[in-house]
Each structure stands twice: as C-alpha cells, then as structure tokens.
Amino acid sequence: MSEEKKKKGGFFGAVKEFVYGVAAHDSARFALKSRASMEHLFILITMGDMLGVPILPPYYSLRLLPYVVPQISTWKRRMLKEKDLTDGLA
Amino acid sequence: MNSVVVLILGLVVAFIGYRFYAKHIDAKVIKADPKRATPAKMYMDGVEFMPTSKNILFGYQFKSIAGAAPIIGPIIAIQWGWLPALIWILAGTFFIGWVQDYSSSMVAMRNDGASFGGLSHKLISPKARIILLAFIYFYLLLIAGAFGNVVVSTTIALKAAPMAWLLLTIGGILAGQMIYRWRKDIILTTIVCVIIAMAGIWLGSKAPSDSIIGTDLANSRWLWAIAAFVFCYFAAVLPIWRFALPINYVASYIVFLGLFFGIIGIFILHPDFTLPAYTGFSIKIGPIWPIMFVTIACGAISGWHSIVSSSGTARQLENELDARPVGGGVMFVEMMLALFALVIAGTIYASSAEYGAAIAKGPGGIFAAGVSKFLGAIGMPADLGRSYGSVMMIVLAITIMQLVIRFMRVATSELLSDISPVFRNPHVGTFIACILGMVLVLTGWWQYLWVLFGGANQLMASLALLLVTAWLMSEGRPSAWAFWPMIFMFITTIAALLYTSYSLLQKVITGAVKGEALIGNTLMGLVGFFLVIAALILGSEGMKALKRYRTAIKTQAAAAAKA
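Protein chains in written order, with this note's numbering: chain H, 1 to 90; chain P, 1 to 563.
In isolation and in its complexed conformation, chain H is listed as follows (with noise of 0.2 Å):
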C-alpha cells in the first residue's frame, strides 16, 4: 500500500485494518499456505520437462510450463528453506 493511501486511509482506516488483522488474517495466511501446498504438487508433475526427464506426456507438461516458470525461484526458496517445529506454529 502506497504512502498517500495510508494517509487518506486514517484513523478509521488504521482501525478496518487492525479488525481485519484480528479477525481475517490468520484465515488469508492460511489459504494461501493451502493453495501453495497446491502449487508444490502442480511444479512437481511439471518437473520432468525442468529437468528434462518426460514423466507426464511432453505435450501437456508444456502447456502447464508457462504458469510453471514464474513461481519457481519462490518455490525453490520455500522447499529450500530450513523448517522446524515452531513454522507449524504461526
């Protein structure tokens, strides 16, 4: 959100978002951890064509490369990173 957003936003602003932190945010985070768990599984069925070892029929692997190709350095970042028990946690 841009600086001059935040101004006309307000008080009342400031307020709607500490209610939506409250009461929402938990509920976005966690959607979007399902739908990336989502997308894990979708990069894994394309991996053959990254790798360039044909595990599901080339033809269909390329048409779901280009929606591939986007996430992958964040996906890399993700299965990459070092994960203990307190990440279930928050």
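If you are wondering where the hints come from, they were derived from the structure by calculation, not from laboratory data.
Some clues are possibly wrong.
Straight-line Cα separation of at most 30 Å, DSS-like style, residue types lysine-lysine; simulated pairs [stated by the list, open to error]:
id, chain 1, residue 1, chain 2, residue 2
1, P, Lys23, H, Lys33
2, H, Lys76, P, Lys41
3, H, Lys76, P, Lys127
4, H, Lys33, P, Lys184
5, H, Lys16, P, Lys35
6, H, Lys33, P, Lys547
7, P, Lys122, H, Lys81
8, H, Lys16, P, Lys23
9, P, Lys28, P, Lys547
10, H, Lys83, P, Lys127
11, H, Lys16, P, Lys41
12, H, Lys83, P, Lys41
13, P, Lys35, H, Lys83
14, H, Lys81, P, Lys544
15, P, Lys562, H, Lys83
16, P, Lys547, H, Lys83
17, P, Lys23, P, Lys35
18, P, Lys284, H, Lys83
19, P, Lys184, H, Lys81
20, P, Lys284, H, Lys76
21, H, Lys16, P, Lys122
22, H, Lys33, P, Lys122
23, H, Lys81, H, Lys33
24, P, Lys35, H, Lys81
25, P, Lys35, H, Lys33
26, P, Lys184, H, Lys76
27, H, Lys81, P, Lys41
Covered stretches of chain H (in silico footprint by chain P; criterion: 3 or more residues with CB under 8 Å from a CB of chain P, positions within the stretch not fixed) [unchecked claim]:
id, segment
28, 19-26
29, 30-41
30, 76-87
What you are looking at is a predicted structure, and each value in this text was computed from that prediction instead of being measured.
A virtual CB, placed ideally from N, CA and C, is assigned to each residue, including glycine.
Once you've looked at the hints, dock chain P against the given chain H.
For chain P alone, coordinates are given in the frame of chain H:
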C-alpha cells in the same frame, strides 16, 4: 486503591516504556533502519514472506498472543495480594516483556526470517536446536493440559457455558461453509454467524446445562474434558477452513466486543479493590518467589509471544520501524488486559473468603462474574453477562488449545514417523496429543498444572532472550538489556519448576496421593523435571556460546588497540 488508578498507572507505564525505553533501544541499540529490506520484501513468496501493513500485523499479533493466560494468571496470583501482582505485571512488561517480543522479531528479521530452531543452531550449537524442539513439544503439552482444565472448570462452574459454546461452534462452521463453499458476502456471513453465537449466549442463560442433561452429567469433568478434546480433534484433522479458522473468526468478535465494553464498564463503575494488597510470602501453591512470577505469565512476559514474533510476524513486517509498535506495542496492550483481569479479581468480591470459595472452582467463574458486573454497567442483565463471560473464557482458552493439538499432531508425525509409518496417520498423532492432554486435565490439580505451564512458558521466554543475547553479542551490540532479564527469568523459572515438581513427586513418594491424583502428580512432576533438565542443557550450551562471543569481542578490541 481505585481500579481506575490501576488502569491509568498501566497507561503511564505503557507510555514511558513504549515512547522512551523501547524507542531508545530501537533507535540506538538495534538501529532499526527503514531503508533496510526486510525478509518480507527480500524473500516475498506470497505465502509466508509477505509485506503487510503494521495495523494488520498489530491486530494479528494481538489475536495470536492474547489467549486465556493474561487473564487467568492475575486472577490466581491475587492470592498473594493485588499489590505484588500489580508490581510484577507493570515491571515485568516494562523490563522484560516487550524486550522479548520486540527483540525476537528483530533477531529473526536480521537473520533472513529464520525460526528458533535455525537460530539456536546458528547462534548457540547444533545440540541446542534438538533440545529446544523437544522442550517445545512438552511445553505445548502443558498448554493443552492447562487450557483444557480452564475449559472444563468453566463449563462446570457456569452452566450457561455449554449451550453458548455449542452455538458458537455451529455459527463458526456455518461461517466456513458460507465463505468458502457458498461464496457468500463476508459482511452478511459475519452478521448471520455472530448473531447465532450471540443467540447461544442468550440461550445459555435461559437453558443451563444441568436443566438439559441433569446435574450429575453437567458436573462431570470427564464429559467436558472429552467434549473439549473432541472439539480439538476436529480442529486438528479437518481442513483448517472447515472448522478451526471460521470458529476463531466468529469468536474474535465476541471477545473483542466483551473486552471493549468491559473496560468501559470499569471506568463507569470505578470500584475500589476489596481484597488485601498483600496476604503473605507463602500460600498454598507456593512462595511468592518464584511461584508468582510464573503464575502471571503472559501479562508480564511469555515465551509463546517469542514464537509468534519470530516465526509469524517477523516474516511479514514491511519496515524495520514497524517492529516496535507490533512487537513491543502489542505487549503493552496485553499488559492492560492483565490489569483488567486483576481489577476483576480484586474488586468483585467483598472479602477474601468469598474470593477463596470462587477460586476453588476455577478462574473461569471469577472472570465471568467480573465481565457480568462490568457489562452490567452498560445495561446488560447479570445472567446474560455471566453467560457472555463464560463463553469469552472458553474461546480464549480453546482457540490456543486447538492450535496446539493441531501442531502436536504434525510434531508427532515428524518426530515418530521413522519409528513406524502408523505415526504418519493424522488421526494417530491427534489421538496421542488428545489423550496426553486429557490425562493432565483429569488427573492434575489445576493450580499446579497452571504453575507448570507458566514455568515452561517463562522458560521458553528466557531461552528466547538467550538467543537474542547471543545475537547481540555476535554483532558486538550492547546486550545487558536482554542478558539480565534472561538471567532473572532463567533462575526464577528453574526454581519454580523444581519447587513444583518436588512438591508433586514428594506426595507420590510419601503416598499422600492415590488414584487419579497419583497419575497426575507423577506425570506432571516428571514433565517438570524433564523441562528443567532440557533448560539446564540449553543454558549450559548458551553460556558456552556467550563466552565464545565475549572472547571474540575482546580479541577484536585488542587487535584494534594494537592497530
């Protein structure tokens, strides 16, 4: 003393702490830089790392840390008198509480958003990581037991609570269905589901549990313990959008409105404290030092906050300057919540005898009676107010409890799946967590259980401060502001856990307890000793690391002097 004076005192401490002490540390020691890219910006993945407005994070942090603990702690600790409790809440938050919350998020932010396992490996030693994670598992078990006990004692003490809890659950499940399946408007969903939950509060006051299922069942600890853990079971095994999250969503409105109007009620009624300022050094649950310092956990300092700050908030802060309002500021708000609970416990009973009779049944009844009194100031009938207070108490406890059971399910799978593939089954992990929690709830005396939970919680806090101190020393920054609070908390909590575990196991060895209490005392005593041993190993590893950093600093200084 008048209750309004206490709240004003809290505001003054919060103002000085936030405006001067926290600002000094933020600007001069940590040197927060608005131009430095935070992990949320550097590693933005749209999932865990995501730049988020500080107002949203303020609400998120508050919701994540404000469970039942800041309310129950002061209600129990007032047994030593309201003055020691007041001093510890104010001084603990000022010198230790915000320091831990703020610095946990800063240390994670400056280390690429690493969580505590990774940080302890990097800053202390590989062994420290393994011990810390095992420690966290038992710490969570104590949370499940202590909070489960709160739910059980509240449903028994307040017969309006079960119906209110049931309708809240129905409202929450409906909210999940409306938002995610029927794609209904969020405002319409909120209005419908909050009205259902509110109707449950009203219905609870008109149809108490004993009038529906009979007195015996309504007073059965077994029944309500099973209900609480079945609730957590569903929260752990069902998709999170289906059960846990929408119930928390609807519940957050009830809690938020109750706290807001409750505090207004205090200002309208402004009652005087009726309980004594100081009762004595030693009471039934133990001496004021170290036991009171772990009984009031979250209202003064809590290890739980450090986990939320490091693994959750630190990955979403879009600006380093936001760490002070989010990490530190929310802790001062939590302090006000603890003061609210202290005012409730200290002002609603005419004498210590009345309070004693009420606390024997558990803290939930006291909280509900207080909410009823202060909501009464704005026109809510007393029986409706008690029903409202009871569901608030249950919500505050069970939202954390269901998260803990869900997490223990994952932890069981990760830790034990190599032994047997059966542990990979989510139902098995959840079942183990629920059974362990239920054993604690049904066999342990709730005040000892609370002290053990508080001890583990505070020990977690001192371990977080140890990590912060190690990081500060590794960077060559002043570290006394984190080191001395860590030493105080470490010694105090080790002493509290040893005292409680010894008291529990002594009763087992001398044969003073039999039956269920024998199991409860043995289990709690052993868990307490395990936590002490884990903490001592971690402390020893930590001290070695600090010595290493100190030597490095001296060597650097000597080299600089030579040059």
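Original post:
Would the pair H:Lys81 and P:Lys41 pass a check requiring their Cα atoms to be no farther apart than 30 Å?
Top reply: Measuring from Cα to Cα gives roughly 16 Å; hence the hint holds.
Original post:
Within 30 Å, alpha carbon to alpha carbon, are H:Lys76 and P:Lys41?
Top reply: Holds. H:Lys76 to P:Lys41 sits at ~17 Å (cutoff 30 Å).
**OP:** Below or equal to 30 Å on CA atoms is what counts here, so check H:Lys16 against P:Lys122.
**Re:** violated (39 Å)
Original post:
Within 30 Å, alpha carbon to alpha carbon, are P:Lys28 and P:Lys547?
Top reply: holds (24 Å)
Original post:
Does P:Lys35 lie within 30 Å of H:Lys16 when you go C-alpha to C-alpha?
Top reply: holds (27 Å)
**OP:** Apply the coverage criterion to the segment 76-87 of chain H and chain P: a residue qualifies when its Cβ sits closer than 8 Å to a Cβ of the chain, and three qualifying residues are needed.
**Re:** With 8 residues closer than 8 Å to chain P, the segment 76-87 of chain H meets the three-residue bar; holds.
Original post:
Going straight from one Cα to the other, do P:Lys284 and H:Lys76 come out at no more than 30 Å?
Top reply: violated (56 Å)
**OP:** Assess, step by step, whether the Cα of P:Lys35 is no farther than 30 Å from the Cα of H:Lys81, and give holds or violated.
**Re:** Satisfied, since the Cα-Cα distance of roughly 25 Å is no more than 30 Å.
Original post:
Regarding the pair H:Lys16 and P:Lys23, is the alpha-carbon distance no greater than 30 Å?
Top reply: holds (26 Å)
Subject >> Coverage of the segment 30-41 of chain H by chain P (three or more Cβ within 8 Å) >> reply: Holds, because 7 residues of the segment 30-41 of chain H bring their Cβ atoms closer than 8 Å to Cβ atoms of chain P.
Original post:
Between P:Lys23 and H:Lys33, is the straight-line Cα distance small enough, at 30 Å or below?
Top reply: violated (34 Å)
Original post:
Is the hinted pair P:Lys184 and H:Lys76 satisfied, with a Cα-Cα distance of at most 30 Å?
Top reply: violated (35 Å)
The structure shown violates the earlier hints numbered 1, 6, 15, 18, 19, 20, 21 and 26.
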